[in-house]
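Please work from the sequences and hints to get the whole structure.
4 protein chains.
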Amino acid sequence: MKFTDKLLPREKVFRDPVHDYIYVQHQVILDLINTKEMQRLRRVKQLGASSFIFHGAEHSRFTHSLGVYEITRRICDLFLRNYPTKEPGDGLWDDSERLVALCAALLHDIGHGAYSHTFEHIFHTNHEMITQEIITSPKTEVNKVLRKVDPELPKQVAAVINHTYSNPQVVQMISSQCDADRMDYLLRDAYNTGASYGNFDLTRILRVMRPYSGGICFDISGMHAVEDYIISRLQMYMQVYFHPVSRSMEVILSHLLKRAKQLADKMPTNDRSTPYLLMPFFQNNFDIDDYLKLDDGVLNTYFIHWVDSKDSILSDLADRFINRRPLKSVEFNSDTKKLIPKLQKLIKQVGFDPEYYTDTNNSFDLPYDAYDPKKKHHATQIELRRPDGTMVELSKVSRLVNAVTGKQLGDERFFFPKEMLNSVNNIEIFQPIYEEFQKHIKNNQLT
Amino acid sequence: MKFTDKLLPREKVFRDPVHDYIYVQHQVILDLINTKEMQRLRRVKQLGASSFIFHGAEHSRFTHSLGVYEITRRICDLFLRNYPTKEPGDGLWDDSERLVALCAALLHDIGHGAYSHTFEHIFHTNHEMITQEIITSPKTEVNKVLRKVDPELPKQVAAVINHTYSNPQVVQMISSQCDADRMDYLLRDAYNTGASYGNFDLTRILRVMRPYSGGICFDISGMHAVEDYIISRLQMYMQVYFHPVSRSMEVILSHLLKRAKQLADKMPTNDRSTPYLLMPFFQNNFDIDDYLKLDDGVLNTYFIHWVDSKDSILSDLADRFINRRPLKSVEFNSDTKKLIPKLQKLIKQVGFDPEYYTDTNNSFDLPYDAYDPKKKHHATQIELRRPDGTMVELSKVSRLVNAVTGKQLGDERFFFPKEMLNSVNNIEIFQPIYEEFQKHIKNNQLT
Amino acid sequence: MKFTDKLLPREKVFRDPVHDYIYVQHQVILDLINTKEMQRLRRVKQLGASSFIFHGAEHSRFTHSLGVYEITRRICDLFLRNYPTKEPGDGLWDDSERLVALCAALLHDIGHGAYSHTFEHIFHTNHEMITQEIITSPKTEVNKVLRKVDPELPKQVAAVINHTYSNPQVVQMISSQCDADRMDYLLRDAYNTGASYGNFDLTRILRVMRPYSGGICFDISGMHAVEDYIISRLQMYMQVYFHPVSRSMEVILSHLLKRAKQLADKMPTNDRSTPYLLMPFFQNNFDIDDYLKLDDGVLNTYFIHWVDSKDSILSDLADRFINRRPLKSVEFNSDTKKLIPKLQKLIKQVGFDPEYYTDTNNSFDLPYDAYDPKKKHHATQIELRRPDGTMVELSKVSRLVNAVTGKQLGDERFFFPKEMLNSVNNIEIFQPIYEEFQKHIKNNQLT
Amino acid sequence: MKFTDKLLPREKVFRDPVHDYIYVQHQVILDLINTKEMQRLRRVKQLGASSFIFHGAEHSRFTHSLGVYEITRRICDLFLRNYPTKEPGDGLWDDSERLVALCAALLHDIGHGAYSHTFEHIFHTNHEMITQEIITSPKTEVNKVLRKVDPELPKQVAAVINHTYSNPQVVQMISSQCDADRMDYLLRDAYNTGASYGNFDLTRILRVMRPYSGGICFDISGMHAVEDYIISRLQMYMQVYFHPVSRSMEVILSHLLKRAKQLADKMPTNDRSTPYLLMPFFQNNFDIDDYLKLDDGVLNTYFIHWVDSKDSILSDLADRFINRRPLKSVEFNSDTKKLIPKLQKLIKQVGFDPEYYTDTNNSFDLPYDAYDPKKKHHATQIELRRPDGTMVELSKVSRLVNAVTGKQLGDERFFFPKEMLNSVNNIEIFQPIYEEFQKHIKNNQLT
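If you're matching them up, the sequences are chains A, B, C and D in order.
Letter by letter, the first sequence follows residues 1 to 447 of the UniProt record's numbering.
Letter by letter, the second sequence follows residues 1 to 447 of the UniProt record's numbering.
Letter by letter, the third sequence follows residues 1 to 447 of the UniProt record's numbering.
Letter by letter, the fourth sequence follows residues 1 to 447 of the UniProt record's numbering.
Since the hints were made in silico from the structure, they are not lab data.
These figures come from a predicted structure and were not determined experimentally.
Please note that a few of the clues may not be correct.
Treat identical chains as interchangeable: a pair holds within one or across any two.
[To be verified] Derived lysine to aspartate or glutamate pairs resembling EDC-like cross-links, with alpha carbons at most 16 Å apart:
(1) K155 / E133
(2) K258 / D311
(3) K442 / D388
(4) K439 / D388
(5) K293 / E428
(6) K36 / D316
(7) K375 / E436
(8) K293 / D319
(9) K442 / E331
(10) K418 / E435
(11) K348 / D31
(12) K342 / E355
(13) K12 / D219
(14) K439 / E331
(15) K345 / D94
(16) K396 / D353
Set out below in structure tokens:
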């Protein structure tokens with residue numbers, strides 16, 4: 001398999017706001033970009049409900065996928081220039097792995113659907129499984145393009161996604177605690193939200209990255225750059241990804257889909273409001289073709305119809321989602337958790353069904369993890385390479401990283417209608433209920 | 001009408017990648033942002049088909065509207081600080097106009113629909129008229145919010161959009177050859193495409209802007225900054241907005257909608273592929289509620305259905321649009337225009353209906369215009385103010401601007417299926433036709 | 001004292017790469033900028049020897065001083081807009097303090113000399129004392145400008161520098177753990193070095209800053225922005241300010257000045273190499289006029305002369321400094337420290353005087369400190385304000401800050417001629433000495 | 001001559017704010033950077049007196065030289081990747097030219113002195129001649145480093161500087177109307193001044209650049225990018241390089257040096273104010289060693305001494321330069337030029353010697369030039385390459401460039417003491433003279 005034979009007559013570029021240019025040098029990459037499965041990602045937002053809060057965050061999974069591809073391409077270039085393998089097993093970079101790496105990078109998110117995480121939760125789909133299916137199913141354009149290069153290529157690319165590929169360098173490029181995926185989404189989300197916290201020094205990290213027999217490590221001289229990346233990622237989680245208002249919009253979305261699913265049997269099957277493309281999912285009888293027809297716009301189109309539904313809960317939740325009317329929320333902890341039933345009761349008294357109008361949601365992230373023999377599953381820890389070739393794990397030398405290693409950071413919140421907090425414009429008769437409710441909230445926390 | 005009474009208890013901000021923060025100080029602005037008509041703009045891309053070429057250009061008209069509001073707010077602040085009116089008729093800034101200006105800025109694009117320019121062309125809608133209707137119709141949330149401040153406010157805001165408002169400073173802030181609208185879209189489109197050409201020095205332009213009795217002028221000391229803005233705008237037209245591939249996608253879209261409209265009578269009215277929300281437009285019998293239900297995602301949803309249509313032209317054009325399969329194009333001029341019928345004939349011979357698979361499209365822009373007594377309609381020319389208070393028109397002192405003043409820049413192109421250019425993978429029997437076709441194309445031009 | 005009477009007829013701006021524009025609104029600020037004492041700062045680099053490593057870091061203390069002024073001006077504007085005092089003692093912002101704050105911000109570094117820290121060490125000057133003297137001495141232009149506004153102004157401004165000024169808000173704006181000085185130098189040094197680590201979200205920090213009776217605090221909603229600033233500062237110390245090569249150039253400079261001072265008695269007093277402007281310092285008999293004649297260029301001019309000195313140590317050290325020939329260094333700790341005498345002996349054996357060719361240097365910084373009753377002196381801790389008005393200290397809520405609170409971070413290094421590490425181009429007879437020396441160095445550390 | 005043998009064991013980088021990193025791959029480049037002649041450029045500001053107006057513009061010719069090297073390196077990389085020569089005379093890129101190109105790029109400014117243009121004017125030196133002398137004289141470190149690679153290398157590098165080198169591609173990389181030198185200084189000066197006008201799309205220009213038998217041309221697809229670069233350069237000239245206040249500071253400097261030269265015979269030769277390092281220039285008897293001892297700091301040191309001179313003109317001019325007290329200026333044209341003697345007479349009446357306190361200065365630049373058979377000397381015109389390989393000159397296809405081709409843009413100004421404009425703080429008895437003077441000035445122009 002000599003991939004270099006498949007180079008484009010002349011390298012092609014895509015203008016990119018984050019990486020300046022995306023460079024495409026192989027025919028197969030260009031062909032993959034042009035498949036309908038890849039093009040669908042243009043219609044799926046990278047950050048879902050976050051754009052309701054950070055209005056600039058309207059970028060799609062398509063642009064992110066190009067970015068992950070480009071970072072992977074640069075890593076391959078650097079590895080080829082500085083650490084080319086000389087003999088099998090020397091732990092250096094074998095550039096015949098390049099095309100598998102590039103394809104896996106480009107395709108790593110191809111199974112993502114509209115509002116992925118919420119959708120999966122309600123319909124029990126799994127975007128990672130679907131990604132592998134799109135790559136290996138003979139029905140897809142992606143699969144055809146890959147097979148034209150080599151009949152084994154789809155299986156290899158899927159193995160990278162699945163972490164079972166034989167070369168750990170390729171796997172860790174795409175998926176590890178400091179990989180092309182995370183590096184692109186941090187930079188891109190920071191660029192588009194305008195929240196500068198996600199910025200870190202990509203060029204410097206690429207300079208200190210190097211292959212070794214166990215995968216990918218980093219020169220110890222670049223310790224602070226890696227540390228800065230870990231902290232930046234943590235900041236993005238705390239300030240952007242876990243923003244209470246976007247979680248509130250996801251709560252509404254989740255309840256909206258749940259309600260629709262519940263009503264599905266009774267929905268007219270031949271009506272302007274029939275969600276034809278969702279029916280296979282309501283009926284739990286869908287295939288990959290059904291899945292690939294969904295995108296953000298399709299779901300939103302149904303929600304627009306549902307605003308006019310006769311079911312008042314479906315209609316109201318659709319309105320809240322489409323027209324951005326978020327729930328409010330407060331933090332709680334294991335102590336104050338026990339207050340929630342009481343609050344739900346008060347909420348019910350003023351007329352909201354707690355099943356659809358309240359929820360709890362915890363958002364926690366593990367900013368970094370080192371190997372712990374007591375755990376079953378664990379992330380690939382970040383190894384730093386000393387001048388003499390020995391390795392040391394990141395949290396051993398970084399006081400900052402050490403402080404967050406193995407720690408779940410985030411919070412747990414209780415969501416409820418904002419009407420509970422307003423003293424004006426509300427129904428007077430419920431005033432004592434509102435007041436009772438508000439007594440339990442102080443400094444944005446349950447008390 | 002004392003708008004300052006309606007200030008928010010504490011100023012609210014929206015994080016913005018272009019302006020850092022959008023500052024909201026009035027309750028009415030916050031309420032307008034929260035109307036469903038404004039929220040709809042989140043689902044309408046600012047640049048339509050351009051994102052098929054500049055993949056980062058996925059931003060919506062919502063974010064642009066916030067940006068126009070913010071630039072207008074800054075202009076008002078500067079005018080109030082440096083040029084507050086002392087007596088009526090002194091040509092200085094009367095800050096009681098602020099709220100009209102801010103509302104008009106925020107709402108100036110509210111009537112834009114999905115893929116506006118193409119849609120208007122096929123369905124004879126007009127986004128400027130609709131903008132005014134949304135503002136003045138008592139049915140909309142926008143209107144209700146405005147009326148709460150003052151019953152006259154809707155009419156005043158609509159008058160600004162319509163260029164009939166009494167204060168020319170307010171009109172020119174929002175709409176002139178150097179206004180908040182153009183300044184925001186240049187910066188934002190440049191930011192998101194990654195094409196740096198659109199950048200210019202906003203802070204410097206704001207510093208040299210000043211009110212006068214005729215509207216808005218610029219200190220002559222800032223001539224080069226204004227000149228640079230005019231050139232940047234020209235560059236964005238030439239390099240981004242008039243890109244041949246995005247025009248090609250618009251050609252496809254236009255033909256797709258035309259075909260659907262033609263088939264509308266025969267379309268099943270009660271079927272999974274029925275475009276319910278488009279029907280009022282096919283039947284030329286729509287109201288503002290129908291219009292406000294449309295967005296990019298709704299149209300795309302119908303296109304996704306139509307890919308499976310039995311009408312092979314509808315199906316193929318839908319596939320070309322949804323899955324980004326553009327036509328090719330070449331430039332022509334008045335001499336070579338006469339070749340087009342011959343080329344269309346060749347195209348027909350290989351099996352493409354020229355009505356749906358070829359088109360001509362000219363894209364010309366007037367980068368800048370000065371007053372010309374011979375013309376009926378003309379733009380507000382840009383006036384520069386000398387230290388002694390006299391004015392001079394921009395193109396009189398800028399050699400660069402002079403070179404493009406009153407000149408239409410752009411090109412005229414002929415669009416056709418890319419199959420005509422490929423020598424491989426095509427049907428062998430048609431080879432002589434392809435060769436005949438290709439003889440007329442050299443250096444991307446008809447010859 | 002009504003400072004607003006002294007506003008400029010029209011606000012003046014200075015273009016600034018970091019803050020876009022510096023806005024000057026008061027005559028006194030413009031006059032201060034035009035004093036010769038301020039203009040001298042143009043000839044003193046902000047980062048001294050760091051530009052030998054980060055070649056872009058060529059900016060002066062003049063540009064930094066403008067930046068600190070500008071940040072302070074923005075803080076005053078925000079405080080006036082959002083937290084104006086209503087009655088004495090309410091802990092809100094009294095805008096009659098503005099001019100004292102602005103002058104102190106602009107002048108806070110006016111006593112800095114050429115290569116300040118090294119110079120102070122050798123000549124026992126103190127830039128903070130000199131700053132106060134320049135402000136209060138009737139001989140300076142700065143003092144005259146201040147007195148024109150109010151005879152008490154010099155004393156007040158000096159009190160801010162000295163931390164004895166009555167209003168703690170003014171003092172903490174200029175000097176605290178999150179002040180205008182630190183914020184400007186981090187952003188400016190990051191901008192000019194190209195090391196992005198120093199970037200943090202200035203606009204957001206300014207938004208959450210607020211006055212209170214104890215000085216300045218921060219809304220708890222901005223905790224992560226303050227945390228990010230603390231981490232950015234730490235990163236700049238670790239990666240830029242403590243860079244081993246710039247410390248090595250400072251070691252050379254220090255030894256060069258020490259040697260010159262030692263030779264001063266014997267230097268010809270009437271010769272082309274006589275350092276006339278340094279003589280008062282060699283003789284420990286200088287006044288403020290002598291001090292204000294020095295700048296980076298004056299010292300360098302003497303060093304250029306000294307390269308031709310007959311004293312071989314003076315000549316060689318001058319050459320090493322002027323022509324950037326740094327020493328090498330390795331890290332050591334309390335254990336390996338005891339090896340240093342042995343290494344110095346080896347260095348002496350190959351012909352270098354250890355007094356001038358070796359040194360130890362420790363660089364440690366306290367990234368953040370909270371109040372500790374056991375310590376005598378302590379920094380103003382960073383207080384976060386909860387919605388109900390209560391305060392919490394930063395390290396109590398930030399796991400990251402907590403990890404570095406009260407910890408000295410940095411390292412201790414031993415500096416020596418790089419000839420000790422080269423195996424080639426060295427004198428063969430010394431080979432065993434070099435080898436003995438090199439045995440003690442592994443992974444850039446003494447062992 | 002196989003330069004690739006001299007690669008560094010591992011590529012070295014310098015952090016750069018404009019290009020992110022400068023990559024050094026050859027030992028000879030690293031050695032050249034470490035010569036004392038290159039290190040001297042750290043002490044010479046790139047923009048001389050411009051930093052008096054744009055305070056951020058404090059960068060040196062050293063950082064610019066690294067930047068020119070880096071752009072040249074990238075061009076070589078692109079040419080090698082895309083257009084490698086296959087046989088002699090095919091007009092493609094011969095990578096054995098790389099090292100000559102890189103050395104010439106790095107060294108192209110090495111002969112620049114302190115305040116070069118003014119200095120040259122007074123002392124009749126020529127920085128281009130001196131550059132060649134530094135490269136070819138066996139006395140310099142630069143020459144030694146070059147000779148170690150190949151005895152012919154110094155001559156070759158000097159030939160590139162001198163435009164006589166046989167390969168026009170190498171010459172045009174370093175010196176043409178769109179070369180690495182201009183591209184770096186525009187970007188770097190824009191970055192440091194904060195004036196964004198100088199920005200253009202470097203990556204895009206590099207992508208469309210290609211070698212041909214006549215030197216370097218550009219793909220016609222990149223026409224707008226080249227056009228934008230030409231306009232950006234024009235903007236920088238108009239807004240930064242020709243700023244009236246920096247020209248005023250140069251007028252003062254020129255008069256100061258002229259006065260000092262005039263007084264040189266009478267200057268004490270053995271005194272604290274003796275400008276030892278300038279004496280060879282006053283006596284018109286200097287060699288390259290004398291020249292290489294000068295830098296900005298050395299000249300400033302003498303100026304600091306001269307402030308205390310007994311010659312009142314020398315003292316006053318030195319004070320005006322060191323402490324930034326610029327002259328005022330007005331524009332004049334061929335008509336109003338005849339007023340100048342009258343104004344000088346008025347200036348003399350209030351006590352200023354017109355020879356030292358007035359001057360005229362014209363600053364004109366040719367933004368772009370095409371070949372004109374009528375002219376003797378002409379710049380290499382910019383050629384655009386059509387897909388079929390034919391060329392077209394830039395101004396033929398760009399309306400904007402055409403508008404400025406062959407046109408000298410700029411202005412001519414008359415400089416005088418600002419005392420002539422002040423009505424207050426001046427000596428009352430001269431009031432009629434000031435008024436007479438001011439009558440001739442309107443809108444910053446002579447009338």
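Copy assignment of K12 with D219, given that the CA separation must stay at most 16 Å: between (32 Å within a copy, 14 Å between copies)
Checking K258 and D311: alpha-carbon separation at most 16 Å within a copy, between copies, both or neither? within (13 Å within a copy, 36 Å between copies)
One pair to classify: K418 and E435, alpha carbons no more than 16 Å apart. Within, between, both, or neither? within (13 Å within a copy, 69 Å between copies)
Is it within, between, both, or neither for K442 and D388, if the alpha carbons may be no more than 16 Å apart? between (56 Å within a copy, 8 Å between copies)
Is it within a copy, between copies, both, or neither that the alpha carbon of K345 lies no farther than 16 Å from that of D94? neither (63 Å within a copy, 48 Å between copies)
Between K396 and D353, at a C-alpha cutoff of 16 Å, which is it: within one copy, between copies, both, or neither? neither (51 Å within a copy, 39 Å between copies)
Treating 16 Å as the Cα threshold, decide for K36 and D316: within, between, both or neither. For K36 and D316, the Cα distance is within 16 Å only across copies (13 Å; inside one copy 35 Å).
Is it within, between, both, or neither for K348 and D31, if the alpha carbons may be no more than 16 Å apart? neither (55 Å within a copy, 28 Å between copies)
Alpha-carbon proximity context of K375 and E436, limit 16 Å: Classified as neither: same-chain Cα gap 44 Å, cross-chain 46 Å, threshold 16 Å.
One pair to classify: K293 and D319, alpha carbons no more than 16 Å apart. Within, between, both, or neither? between (24 Å within a copy, 12 Å between copies)
Go through the copies and call it for K442 and E331: within, between, both or neither, with a Cα cutoff of 16 Å. Classified as within: same-chain Cα gap 10 Å, cross-chain 51 Å, threshold 16 Å.
16 Å Cα threshold - placement of D388 relative to K439: Answer is between: at 14 Å across copies they meet the 16 Å cutoff, but 62 Å inside does not.
Hint compliance for this structure: hints 5, 7, 11, 15, 16 are broken, all remaining hints hold.
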